[in-house]
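Asks: Start from the sequences and build out the full structure, keeping to the hints where you can.
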Amino acid sequence: MKERQEKTTCDDCNDDQKESIILNKKNLTIASGFLLGLAYLAGLTTLDHRIVVALYVLSILAGGIFVFRSAIKGLFKQRFLNINFLVAIASLGALYIGQYAEAAAVIFFFMLAEFFEDFGVERSRKALEALIKRSPKTAILADGKKVLVEDVMVGNVVIVRPGDLVPLDGKVVKGLSAVDEAAITGESVPSDKRIGDTVFAGTLNLNGYLEIEVTKESRNSTFSKIIDLVEKAQASRAPAQEFLDRFAKYYTPIVVGIAFLMAVIPPLFLSQPFDTWLYRALVLLVIACPCALVISTPVAIASAIGGASRRGILIKGGKFLELLSKVNAVAFDKTKTLTYGEPVVTDVITFNGFSEEEVLADACGIEKFSSHPLSKSILDFVQEKGVTPHAMDKYESIAGKGGKAT
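Position one of the sequence shown corresponds to residue 1 (my numbering), numbered consecutively onward.
Please keep in mind that the hints were generated in silico from the structure rather than gathered at the bench. Glycine residues also receive a C-beta, built at the ideal position from the N, C-alpha and C atoms. Just to be clear, a hint being listed does not mean it is correct.
[Unchecked claim] Using 25 Å as the maximum straight-line C-alpha spacing, the simulated BS3-like pairs for lysine-lysine come out as follows:
{"id": "1", "residue 1": "LYS225", "residue 2": "LYS146"}
{"id": "2", "residue 1": "LYS376", "residue 2": "LYS334"}
{"id": "3", "residue 1": "LYS174", "residue 2": "LYS145"}
[As the list claims (entries may be wrong)] Label-pair distances were calculated between CB atoms; the ranges are:
{"id": "4", "residue 1": "THR138", "residue 2": "GLU358", "range": "41 to 49 Å"}
{"id": "5", "residue 1": "PHE320", "residue 2": "ARG134", "range": "17 to 25 Å"}
{"id": "6", "residue 1": "VAL327", "residue 2": "PHE247", "range": "24 to 32 Å"}
{"id": "7", "residue 1": "GLY43", "residue 2": "LYS326", "range": "43 to 51 Å"}
{"id": "8", "residue 1": "PHE247", "residue 2": "TYR279", "range": "22 to 30 Å"}
Replies: Okay, here's the thing in structure tokens:
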């Protein structure tokens with residue numbers, strides 16, 4: 001909808017420009033609120049009334065820069081009365097009738113709502129960028145040539161060394177290794193991969209050499225589909241937000257039209273004083289400004305999503321947050337959802353007369369060569385016990401079984 005296009009951020013701006021706009025809005029919103037509070041407190045003192053009025057006007061100017069600019073752009077460039085226009089005219093009307101505090105409050109609370117909404121969008125954008133940065137950019141073909149993943153065709157064989165990300169979806173044609181698939185499945189324990197097993201782009205090859213026959217092009221990989229899913233989820237809007245968009249499309253011109261008729265008809269046709277009815281029309285614009293309605297949905301959704309994220313819960317968007325009210329049953333993935341998904345050593349059982357300290361010293365000496373999560377849990381346990389590991393060399397990783405050293 002057109003009114004949503006009048007946001008003060010821009011879709012075609014680069015990342016630095018977007019961050020600069022949001023930072024400016026944040027600073028101006030803070031300045032507007034500070035000046036509003038300062039003016040209110042000054043009004044409680046014996047300070048000159050003109051100083052109080054000046055503080056209110058400065059609050060309006062600080063917070064109203066984006067509002068007035070968006071209102072003018074919508075009016076003259078797109079021939080549309082957006083919600084910013086109503087806020088702007090309500091604030092100016094309150095100024096005209098001498099309600100300086102109301103004029104500043106209208107601007108400040110509207111800007112506060114805009115900031116909360118932009119903050120949520122920007123946080124989601126950065127999360128998506130982090131996901132995209134994790135996606136592999138290059139692949140090594142079987143002949144050793146490094147190419148962009150977009151240039152790899154189905155049927156090509158790529159090699160994946162220990163510690164590298166799997167560049168594309170495919171099946172193993174040579175090698176054995178443990179692959180960390182947490183980015184795709186959420187499972188913390190690596191999956192052992194042998195010839196014929198399926199591997200996914202974006203997963204981490206831990207300790208073995210693999211040759212993989214590509215089965216899907218980069219744009220169709222599982223990782224690309226996850227990114228696409230997140231992008232679509234972020235672009236979706238909650239039903240309540242869509243209702244507000246439709247509401248604003250009709251509400252703004254109706255209110256402005258009624259105020260105009262109220263200011264014009266009584267003086268022209270009923271011989272009423274023009275100043276009186278102009279004042280009443282401006283009062284109508286001020287009280288009709290739907291600040292509470294505009295603030296309600298974005299603030300509630302941003303607060304809910306932010307609160308959930310601090311508790312480790314990712315909600316894809318406002319649409320899905322609203323759908324939670326209709327949920328009757330929930331199915332959870334256990335690992336890293338209901339549990340931490342981090343293995344720990346609980347007991348050490350020894351045989352053939354070996355002491356626990358000897359077993360731990362040998363185990364630590366071997367496992368320090370491995371990056372497997374089970375190795376990490378053993379190393380952490382040994383460190384807690386204060387056991388000194390035995391020196392080992394000639395380490396060999398055995399896919400699916402463990403490792404050995406002498």
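Asks: Work down the list of hints and note, for each, if the structure agrees.
Replies: For each hint, the structure was consulted:
With a CA separation close to 24 Å, the supplied pair LYS225 and LYS146 stays within the 25 Å bound. Simply put, LYS376 and LYS334 have alpha-carbon atoms about 21 Å apart, close enough for the 25 Å limit, and the pair holds. A hinted pair counts as satisfied when its Cα atoms are at most 25 Å apart, and LYS174 with LYS145 qualifies at roughly 18 Å. A beta carbon spacing of about 46 Å between THR138 and GLU358 agrees with the range 41 to 49 Å that was offered as a hint.
Separated by about 23 Å at the C-beta atoms, PHE320 and ARG134 satisfy the suggested range of 17 to 25 Å. Between VAL327 and PHE247 the beta carbon distance is about 27 Å. The supplied range of 24 to 32 Å therefore holds. Separated by about 48 Å at the C-beta atoms, GLY43 and LYS326 satisfy the suggested range of 43 to 51 Å. Taking 22 to 30 Å as the suggested C-beta distance range, the pair PHE247 and TYR279 conforms, at roughly 27 Å.
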